[in-house]
Amino acid sequence: MTESAGIGGAGGKPIISIREVSKIFGGAVTAVDDVSLDIHEGEFFALLGPSGCGKTTLLRMLAGFEIPSLGQVLLDGQSLDGVPPNKRPINMVFQSYAVFPHMSVFDNVAYGLKITGVDKAETMARVDEALELVKLGGFGGRRPDQLSGGQRQRVALARALVKRPRVLLLDEPLSALDAKLREAMQLELVRLRETVGITFVIVTHDQAEALSMANRIAVMESGKVRQVAGPAELYEYPNCRFVADFIGKMNLFEGRVTGLAGNQITVQVEGLGEVTLPAVEQAEGEVGIAVRPEKLRLDREDPGAGRIAFRGRVSEVAYYGDTSNIFITDAAGRAVSANIQNEARRTDSHVAVGDDLWCSWDPQDTLVLTG
Amino acid sequence: MSVADEATPAPVLRRRWRREAIGPLDYSRRLWLRLTFLAALVFLYAPIITLIVFSFNDSRRNIVWRGFTFKYYEKALGNESLIEAFTNSLTIALLSTAASVVLGAMVAVLLWRFRFPGKAPLEGAMALPIVIPEICMGVAMLAFFARVGWPSDLIWPFNLGSIIIAHISFSFPFVAMVVRARLANFNRELEEAAKDLGASEWETFRDVLIPFMRPGLVAGGLLAFTLSLDDFVITFFTSGPDTVTFPVKVYSMVRFSVTPEVNAASTVLIVITLVLTALAMWLQNRSGQKAEELG
Numbered sequence: 001m002t003e004s005a006g007i008g009g010a011g012g013k014p015i016i017s018i019r020e021v022s023k024i025f026g027g028a029v030t031a032v033d034d035v036s037l038d039i040h041e042g043e044f045f046a047l048l049g050p051s052g053c054g055k056t057t058l059l060r061m062l063a064g065f066e067i068p069s070l071g072q073v074l075l076d077g078q079s080l081d082g083v084p085p086n087k088r089p090i091n092m093v094f095q096s097y098a099v100f101p102h103m104s105v106f107d108n109v110a111y112g113l114k115i116t117g118v119d120k121a122e123t124m125a126r127v128d129e130a131l132e133l134v135k136l137g138g139f140g141g142r143r144p145d146q147l148s149g150g151q152r153q154r155v156a157l158a159r160a161l162v163k164r165p166r167v168l169l170l171d172e173p174l175s176a177l178d179a180k181l182r183e184a185m186q187l188e189l190v191r192l193r194e195t196v197g198i199t200f201v202i203v204t205h206d207q208a209e210a211l212s213m214a215n216r217i218a219v220m221e222s223g224k225v226r227q228v229a230g231p232a233e234l235y236e237y238p239n240c241r242f243v244a245d246f247i248g249k250m251n252l253f254e255g256r257v258t259g260l261a262g263n264q265i266t267v268q269v270e271g272l273g274e275v276t277l278p279a280v281e282q283a284e285g286e287v288g289i290a291v292r293p294e295k296l297r298l299d300r301e302d303p304g305a306g307r308i309a310f311r312g313r314v315s316e317v318a319y320y321g322d323t324s325n326i327f328i329t330d331a332a333g334r335a336v337s338a339n340i341q342n343e344a345r346r347t348d349s350h351v352a353v354g355d356d357l358w359c360s361w362d363p364q365d366t367l368v369l370t371g
Numbered sequence: 001m002s003v004a005d006e007a008t009p010a011p012v013l014r015r016r017w018r019r020e021a022i023g024p025l026d027y028s029r030r031l032w033l034r035l036t037f038l039a040a041l042v043f044l045y046a047p048i049i050t051l052i053v054f055s056f057n058d059s060r061r062n063i064v065w066r067g068f069t070f071k072y073y074e075k076a077l078g079n080e081s082l083i084e085a086f087t088n089s090l091t092i093a094l095l096s097t098a099a100s101v102v103l104g105a106m107v108a109v110l111l112w113r114f115r116f117p118g119k120a121p122l123e124g125a126m127a128l129p130i131v132i133p134e135i136c137m138g139v140a141m142l143a144f145f146a147r148v149g150w151p152s153d154l155i156w157p158f159n160l161g162s163i164i165i166a167h168i169s170f171s172f173p174f175v176a177m178v179v180r181a182r183l184a185n186f187n188r189e190l191e192e193a194a195k196d197l198g199a200s201e202w203e204t205f206r207d208v209l210i211p212f213m214r215p216g217l218v219a220g221g222l223l224a225f226t227l228s229l230d231d232f233v234i235t236f237f238t239s240g241p242d243t244v245t246f247p248v249k250v251y252s253m254v255r256f257s258v259t260p261e262v263n264a265a266s267t268v269l270i271v272i273t274l275v276l277t278a279l280a281m282w283l284q285n286r287s288g289q290k291a292e293e294l295g
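So the sequence lines, in the order shown, correspond to chains C and R. The first sequence begins at 1 in my numbering and counts up one residue at a time. The second sequence begins at 1 in my numbering and counts up one residue at a time.
It is worth saying that the hints were derived from the structure and are not from the lab. Just so you know, not all the hints are guaranteed correct.
Said to hold, decoys possible - If you want the footprint, here are the derived chain C segments under chain R, 3+ residues with CB under 8 Å:
1. 80–86
2. 108–119
What the hints assert, rightly or not - To give an idea of the chain C side of the interface with chain R (calculated C-beta under 7 Å), a few residues:
3. 65
4. 91
5. 94
6. 96
7. 102
Predicted, not measured: the structure shown is a model, and the values here were computed from it. Built from N, CA and C at the ideal position, the CB exists for glycine as well.
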């Protein structure tokens with residue numbers, strides 16, 4: 001699978017090119033390790049990874065707060081080497097929002113214009129426009145300490161957008177908000193990006209956030225980019241165990257390739273026996289066999305041929321309202337999780353702990369992970 | 001009122017309001033702590049009140065009340081050497097405060113911002129003037145100025161130079177400490193945000209760091225001002241015959257007797273200090289409110 005043509009990134013030319021960039025702190029700690037990435041005009045691009053994976057360092061190198069130890073960053077084909085943060089047409093929304101506490105909302109948003117010598121009348125017009133854009137019209141006279149966390153974030157957004165940057169960087173922008181507000185803000189950021197047409201690059205550790213907002217996502221682990229793809233491709237076709245496990249939930253089995261025939265391979269999987277799967281390139285020796293919990297089907301009867309199946313006992317039922325997560329333990333004691341939609345309205349569980357069931361899935365839904 | 005109403009007992013009445021037990025830190029409800037508090041007030045403020053009251057006493061001696069008068073204020077105002085000492089003190093305090101605030105803020109930023117060899121010794125050395133006994137500082141200053149041959153016959157206000165230098169040396173560490181404590185809470189992202197929006201290093205310092213430090217600068221400045229204004233020991237060692245400050249002058253006057261004239265002069269000094277402090281606080285408040293009204 002190659003890079004997907006995302007919604008915004010389809011035919012766009014790269015606005016930012018990250019070329020073989022590494023960042024080594026203090027000569028010892030490698031935060032970013034030989035990363036090459038293209039970010040296209042008009043994309044909503046996400047850098048996703050667990051904490052300490054180097055995603056924030058990479059973002060700070062785009063802003064100019066860190067200098068790459070090796071490699072370079074290009075903006076519109078021009079190297080950003082030696083260009084300080086205040087000279088880059090790139091603006092950032094900081095994790096702490098960094099709203100100036102001693103300035104009013106208006107002065108905060110106007111600061112970037114004032115400092116670059118934009119005249120008063122234009123500043124007034126642009127600040128008002130930016131505040132309207134983030135739904136803070138009429139808040140200009142407020143002090144930051146009179147605002148809620150969500151409003152302060154909107155000030156930070158307006159302050160960056162009023163500069164009309166080529167690229168807007170967002171460092172974990174939603175991590176400090178509560179769940180409901182976070183969800184609303186996700187939608188709003190997508191809408192905002194469509195309105196202003198500016199390229200957004202967001203850093204997040206929340207895979208659901210990245211999947212729901214971004215056109216394209218780069219998954220990072222210990223300084224390296226593991227996969228760059230659109231949300232659906234990343235979810236359905238992760239290219240390695242790390243990505244499969246980090247994005248969503250995954251049931252993972254270990255197996256060994258025993259045969260290759262035409263467009264099918266046979267894999268000997270512990271606990272499942274020999275299974276036949278659609279062929280994948282470079283699949284040989286030890287491989288990981290993975291399947292998403294929602295792809296599993298639970299039956300009382302043998303589901304029959306054409307499906308990969310095993311018999312197990314329900315060991316745990318976790319009820320979430322819209323779905324239930326059911327853990328099936330097979331004869332070898334391995335637990336597999338199945339996600340079942342609670343379609344009909346009922347309060348009793350149709351699957352109970354201790355039930356013996358058939359757990360099966362379509363070979364087409366199986367992932368063969370070599371990395 | 002119907003009979004039925006009266007017959008129905010109000011359930012609210014049965015609820016008794018219970019007093020909470022006196023907590024270990026419930027100072028306002030413990031008698032002996034209240035007495036301690038009262039005694040502290042008396043010993044702290046009674047002398048000051050006595051000083052002010054007796055400055056209006058119509059008597060050469062400071063013991064018995066003989067009637068109200070402004071006589072000693074007139075006398076103090078007419079005392080040229082006292083006025084001169086007073087002017088000297090204010091000049092020294094203003095100049096040394098201005099220098100201490102600038103120097104203290106610079107040291108605070110240096111120690112907060114950078115890592116360099118010899119930082120720990122410098123931090124220790126900076127705190128030295130705070131912990132060294134004043135008398136030692138005084139002797140050291142005297143020896144130093146004598147050794148370098150500091151000219152003592154300059155015209156006013158340059159003849160105050162040695163005292164001002166001495167005052168800066170013991171008051172700037174206080175400013176540096178106050179400002180540094182404030183900087184410890186500074187969010188570095190504020191600085192980065194300013195640069196991100198197009199501000200240069202200097203503009204960031206001016207627009208973000210200085211406004212953030214301002215409460216520390218004002219507090220440190222007030223501290224430096226009052227320290228300088230009432231310093232006796234170090235000034236005594238560094239002042240010459242022509243550069244008498246107010247505390248030194250009062251000391252020389254008291255050696256003969258504590259006259260109401262001294263009381264009057266001291267009262268004026270207290271009033272000036274209070275007015276300046278109130279002014280600084282008012283300015284501080286107003287700058288906050290102004291930013292609120294604008295924008």
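Outcome of the hint check:
Chain R is given as covering the stretch 80–86 of chain C, and this holds because 3 residues of the stretch bring a CB closer than 8 Å to a CB of that chain, at least three being needed. Three residues within the 8 Å Cβ limit are the bar, and the stretch 108–119 of chain C against chain R gives 4, so the coverage statement holds. Interface hint status for residue 65 of chain C: upheld, as the beta-carbon distance to the closest one in chain R is roughly 6 Å, under 7 Å. With a least beta-carbon distance of about 6 Å to chain R, the hint placing residue 91 of chain C at the interface is held under the 7 Å criterion.
Contact between residue 94 of chain C and chain R, as hinted, is supported at the beta carbon level, the nearest pair being about 4 Å apart and thus within 7 Å. Proximity of residue 96 of chain C to chain R holds as hinted, the smallest CB-CB distance being about 5 Å (cut-off 7 Å). Taking 7 Å as the C-beta cut-off, the interface hint given for residue 102 of chain C holds, the closest approach to chain R being about 4 Å.
The structure agrees with every numbered hint stated previously.
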